[in-house]
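Chains as they are written, first to last, in my numbering: chain A, 1 to 312; chain B, 1001 to 1256.
FYI, nobody ran anything at the bench for these hints, they're computed from the structure.
Be a bit skeptical, because a hint or two may be false.
[Unchecked claim] If you only want the chain A side, here are some residues facing chain B, beta carbon under 10 Å, derived: (1) Thr131; (2) Glu135; (3) Thr137; (4) Trp140; (5) Gly146; (6) Pro150; (7) Pro153; (8) Arg154; (9) Arg157; (10) Thr269; (11) Asp270; (12) Val296.
Heads up, the beta-carbon is just placed ideally off N, CA and C, and yes, glycines get one too.
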Amino acid sequence: MSLAEDLARLLKDTRRDLRAVLDEWAEQVPERLDLARQHIAGRLESEHRLLAKVRESLEAEDQQVTAAAARIAGLLTECARRHESLHAQVITARSVFLDEQDRQAFRPPALGYLPDLNGEVLVALLRLRATMALEVTDRWLSDVTGPRPPKLPRLYRLVDDLWSVREQAAPDPGTDLDELGDADPPTIAPEVVAAATDVVERTGLPARLSALLAEALTSPDGTADQQATAEILALAALWCFAPEQSDSEEPASADLATRIFGPRAVADTDGVRLDLPGWDGDDLVVVEHPDALQTVDPVPVTNHGGPVRTTR
Amino acid sequence: MTLTQADHTDLGLLLAFALQPNQRPGRSPEYRRVLGRYRTEPDFRLATDAVLHGLDTRVLSDGDFGLVLGVNPESPFAFRVADLPNATTRDGRLLAGLVLVGIAAYAYPSPADLDEERVRRVPETDFEQWLRAACDRLRVRDAAGEPIPEEGLDEAWRAYHEKPATRVGDRGRGAGRLSPKCTLYWVRNTLAWLAEQGMARPESSGGTWLLTERFRIQVKDMASEPAYTVLAAIGRGEHRERTNVTPVPLDEEAGA
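My request is simple: use the sequences and hints to build the entire structure.
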């Protein structure tokens, strides 16, 4: 009987809220159901055997024996019937679990406790240390936003798009690359430009200006003046940052920036200051492609693991 | 359940609308039609919910403003903090996050407000001052009520408090525009980002934003569960800081 009661409770709880008994289902229930099946099979078998014996006695001459045998047979049939119905419950228990899992999967979540956003969330959050607070705010930023469908590339479209970008760039007057190549100001030695290009290659974009400068100033090859290389890098990064300031003599800088950083490179600032001796200004972030600006956050070489300080 | 091919096409159409937060059933008869099917046909609804379940996403609301989806972090549709425009630094991310929680607290000052369907107005400068005042109250004060300066502490409110409300860039591309070194920049940036997600609308007069029903649904979902549990766990001292994972270079990962 206790087996039947136990099973009835489990099924009831399963139907009410699956999550409440999920652990039970995962750990103990399969074993318990197996044991119950074995137990019932054993009982049913012995009951059937006894019933066969008792039925033999029904043929007896003695009136008393026949009456007793009939009573026992009735009891045994009742026992067998109960065990059979229990058996039916045991073998369908698993499907109850699976059905409930399907049914309850899409049930709207139970309405939880609604906190006082100001007192319980905002003030608590403002009091946290910045690293802890970042975990909570990052959760907010990502979870409060609804779906953001990923953009899937399709190769043939990509090729088309790449071509169309070139078409847009071509009619722009004054950026004819062949002409600009000749207009290089003579004050910049070609090996300095080459060294700067090497620095960019070694550092890789996106990069912070501080990382590029550090690489240039500590560069092992002695062919070019390290200070000049660093200055050219800073100039090119600055041009990427503010190209609209160009005037008649500037195409050379455009060409320089193109040769050092690539044709579509841009730079932007996020307020971090350059922290290199002898240099001043913002620690620009240089990326190969304007779209990349939104996602990158290279670490300044001068940030020694501490939090980024924007004030001095 | 016997859904035909046409039903499945409608299901896909509904998901396509739901994945674009700026689409409104009011503007598109097609959206209205498929949303109506979701609301009234149990088979269609079950099938849609099951597909969304597979995408680690669920329906938060199917009201007149469209199908609002809640996205689990594992979903391919999940927003990553790195997708946030202009928040490339840790400081910027923190400020954007504080402003976001602040906007929610400003717009829904009591739990009952979270249940009330009403458009909320957020005037940029009022809100900036309100959050600044909330930070200011957290300063440690002496007996005379004067704030005691404490150096080296790194509580979240300081990131907001130490920045001026407005500051205009004076060189380069940022000249004449608000600089990321001021808080109003982040207020505006965060509200503009919410507008991009269909959760806010700039008022035509400028300087004031309206928060949409979609924002309320998302904040309510956030507030009733994750926002609060993490903070409560931190309060009980059970929460441990996230361990920093160093990114593995691709070739190393492939070799492992």
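Okay, the hints, checked on the actual structure:
1. Thr131: holds (6 Å)
2. Glu135: Glutamate 135 (chain A) check passes; min Cβ-Cβ to chain B is 6 Å, inside 10 Å.
3. Thr137: holds (2 Å)
4. Trp140: For tryptophan 140 (chain A), the interface hint holds, since the closest Cβ of chain B sits about 5 Å away, which is under 10 Å.
5. Gly146: holds (5 Å)
6. Pro150: holds (6 Å)
7. Pro153: violated (14 Å)
8. Arg154: With a closest approach of 17 Å, the arginine 154 (chain A) hint is violated.
9. Arg157: violated (18 Å)
10. Thr269: For threonine 269 (chain A), the interface hint holds, since the closest Cβ of chain B sits about 7 Å away, which is under 10 Å.
11. Asp270: OK, holds: aspartate 270 (chain A) within 10 Å of chain B, min 5 Å.
12. Val296: Nearest chain B Cβ about 6 Å off; hint holds.
Of the numbered hints listed earlier, those contradicted by the structure are 7, 8 and 9.
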